[in-house]
Amino acid sequence: MSAEIAGAQVRGAALATELLSAGYQGRPVVQELSIRVDPGEVVSVVGPNGSGKSTLLKALIGVVQVLGGRVLWEGREVTNWSPDAAARAGVGYVPQVDDVFAPLTVKENLEMGGYLLPVREVPGRITHVLDVFPQLSRMLSRRAGRLSGGERKMLAMGRVLMLQPRAFVLDEPTANLAPALANMVLEDHIRQLSATGASVLIVEQRARAVLAISDRTYVMAGGRCQLEGTPAELIASPDFAETFLGGARRPAAPTGD
Amino acid sequence: MSLFLASVGFGLVTASVLAIAAVGFSVQFGVTDVINLAYGSVMIASAYVAYFVNQLGPGVSIWLAMLVAAVLGALLSLVINKYVYAPFQRRGMAPIGIVIVSLGMLLIIEYTIQAVQGTGNLSYTMSQGPTLTFAGLILSGVQLAIIGLSVVFMVGLHLLLRYTRFGKAMRATAADRTLARNCGIRTDRVVTLACLLTGALCGISGTTFAINLGSFGATSADLFLVMILAAVFLGGPGQPYGAMLGALVIGVITEVSAVFITADYKYVPAFVILLVILAVRPRGIFNAGAIG
Ligand SMILES: Nc1ncnc2c1ncn2[C@@H]1O[C@H](COP(=O)(O)OP(=O)(O)O)[C@@H](O)[C@H]1O
Ligand SMILES: [Mg+2]
Chain A
170 MSAEIAGAQV RGAALATELL SAGYQGRPVV QELSIRVDPG EVVSVVGPNG
220 SGKSTLLKAL IGVVQVLGGR VLWEGREVTN WSPDAAARAG VGYVPQVDDV
270 FAPLTVKENL EMGGYLLPVR EVPGRITHVL DVFPQLSRML SRRAGRLSGG
320 ERKMLAMGRV LMLQPRAFVL DEPTANLAPA LANMVLEDHI RQLSATGASV
370 LIVEQRARAV LAISDRTYVM AGGRCQLEGT PAELIASPDF AETFLGGARR
420 PAAPTGD
Chain B
1099 MSLFLASVGF GLVTASVLAI AAVGFSVQFG VTDVINLAYG SVMIASAYVA
1149 YFVNQLGPGV SIWLAMLVAA VLGALLSLVI NKYVYAPFQR RGMAPIGIVI
1199 VSLGMLLIIE YTIQAVQGTG NLSYTMSQGP TLTFAGLILS GVQLAIIGLS
1249 VVFMVGLHLL LRYTRFGKAM RATAADRTLA RNCGIRTDRV VTLACLLTGA
1299 LCGISGTTFA INLGSFGATS ADLFLVMILA AVFLGGPGQP YGAMLGALVI
1349 GVITEVSAVF ITADYKYVPA FVILLVILAV RPRGIFNAGA IG
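Protein sequences appear in the order of chains A and B. First residue of the first sequence? That's 170 in our numbering, and the numbers climb one at a time after it. First residue of the second sequence? That's 1099 in our numbering, and the numbers climb one at a time after it.
What the hints contain is simulated information worked out from the structure, not anything from laboratory work. Just so you know, even glycine gets a beta-carbon here, dropped at the ideal spot from N, CA and C. Any given hint might turn out to be false.
To be verified - Partial list, computed: chain B residues near chain A (C-beta under 8 Å):
1) Gly1265
2) Arg1279
3) Cys1281
4) Gly1282
5) Ile1283
6) Ala1377
7) Arg1379
Unchecked claim - Derived Cβ-Cβ restraints for the label pairs, each shown as a range:
8) A/Asn218 / B/Leu1258: 39 to 45 Å
9) A/Arg307 / B/Ser1100: 49 to 55 Å
10) B/Phe1102 / A/Ser251: 42 to 48 Å
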């Protein structure tokens, strides 16, 4: 694929990668991956454990080194920018693990989420976040390390909401949540984010649930994109249904580790 | 006055010096992830600078000289972290490797001081102030000033860490540097400021240490470093409140055992406590691991 064609493919995208390769100690885990998220779109990435989904998101926001290809944000090349630059530019990232400051209180975590705001705007934003996640208002002075899995994920989401980012990059926001709570997070909160015009790139284990809220989905395996499409297209694809929606099991889905 | 109360008095003064040192060490470790054994040598380098300022003229008080020592401690700590430890960390050196590097820095700094200054001991020119009796303890004005200074620094640090944006950013950076960057915090600046702050505490503790000792030389802080480590590990590395409590326990035990066992033996209890903590609770009695 030539660079010009790739360039045309990402025009107008909020967040995009072109032939992105990224990994650890110079060894690529993600290979030549091209994705795009348009403004206001919810785009999901699914795939077996170890297929490089987290690595993709980390490379996008500058935590993992990009070894080849490009990352674009609102039409600007930002390959290998720093995570703090990504935050300043309006991209909010919630990691899969280590998603809150465990020794800090819930309130302090939210304050750190609003670190880039003028000090006088912070209390107002905290009030807003507590409107979205009312459960957190009862535990503002509790240490984040003491929260339950669900409370912790809400705090992690609340932390990125502080800056009102224009794009959310979410790594398995429903991992370790009870199914009912997971569905609520996906259907209420994440769908709502895009309703306000934000773009969402979300990695999920719960393929069926995330398809229900996605505009488009990429299927990764072995660090590469294997399939791409709208939820309807994917559900119609026998390959996809078999692997992710519990059809007749194939001997082994390609996994990275 | 009983011998016990007298030793408790000494213990409180030693604990005050130790608290400033241990809190600086612990916060520095929390933010930079370096067990910085060169800390003791930066203390002594600062104490030397205070000496030279103190000797500039008869009117130059040691308390003024201490401010200059704080500046030197801050700059030296920053330079060591930025140009020695951080490059090794970026290349992925394991923590134990950095400890060895810091041991090397300790030797380099101490032998440089010895090469410049010789092996003789120095003393500050200062008055001990009036002797005061307080709750059965007899303390000199200088000793009371050291205790007061330490209390002021502990309260100040508490307010900084709990209530200021920078203090919270420092705790966030210590807890999870990547997540802090995801919040938009420029963690390299936070690390720089934290090195300056803890280096200033190191310089001040070095000067108060030298004042308390009476006369000091290039290697005078070597055993004190063991007490710092004991206080820091007792409190949990990276935990300033733990380090304060650890300093109180270790400081008082050390001086009491100087009187009731023998002065030569006074550092041994601290060392035994350190070994026991490392065996039982490698992360300290007060647990956690990041600035809480
Ligand atoms: N910090 C790391 N250092 C080296 N290899 C890693 C690191 N993190 C992940 N990997 C490897 O990269 C591959 C993809 O991991 P990851 O992106 O976490 O997959 P996923 O999120 O899809 O489960 C795995 O083989 C994993 O072992
Ligand atoms: Mg993952």
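We went through each hint and held it up to the structure:
no.: 1; hint: Gly1265; result: violated (10 Å)
no.: 2; hint: Arg1279; result: holds (4 Å)
no.: 3; hint: Cys1281; result: holds (5 Å)
no.: 4; hint: Gly1282; result: holds (4 Å)
no.: 5; hint: Ile1283; result: holds (5 Å)
no.: 6; hint: Ala1377; result: violated (25 Å)
no.: 7; hint: Arg1379; result: violated (17 Å)
no.: 8; hint: A/Asn218 / B/Leu1258: 39 to 45 Å; result: holds (43 Å)
no.: 9; hint: A/Arg307 / B/Ser1100: 49 to 55 Å; result: holds (52 Å)
no.: 10; hint: B/Phe1102 / A/Ser251: 42 to 48 Å; result: violated (57 Å)
Of the numbered hints given earlier, the model fails hints 1, 6, 7 and 10; all others are met.
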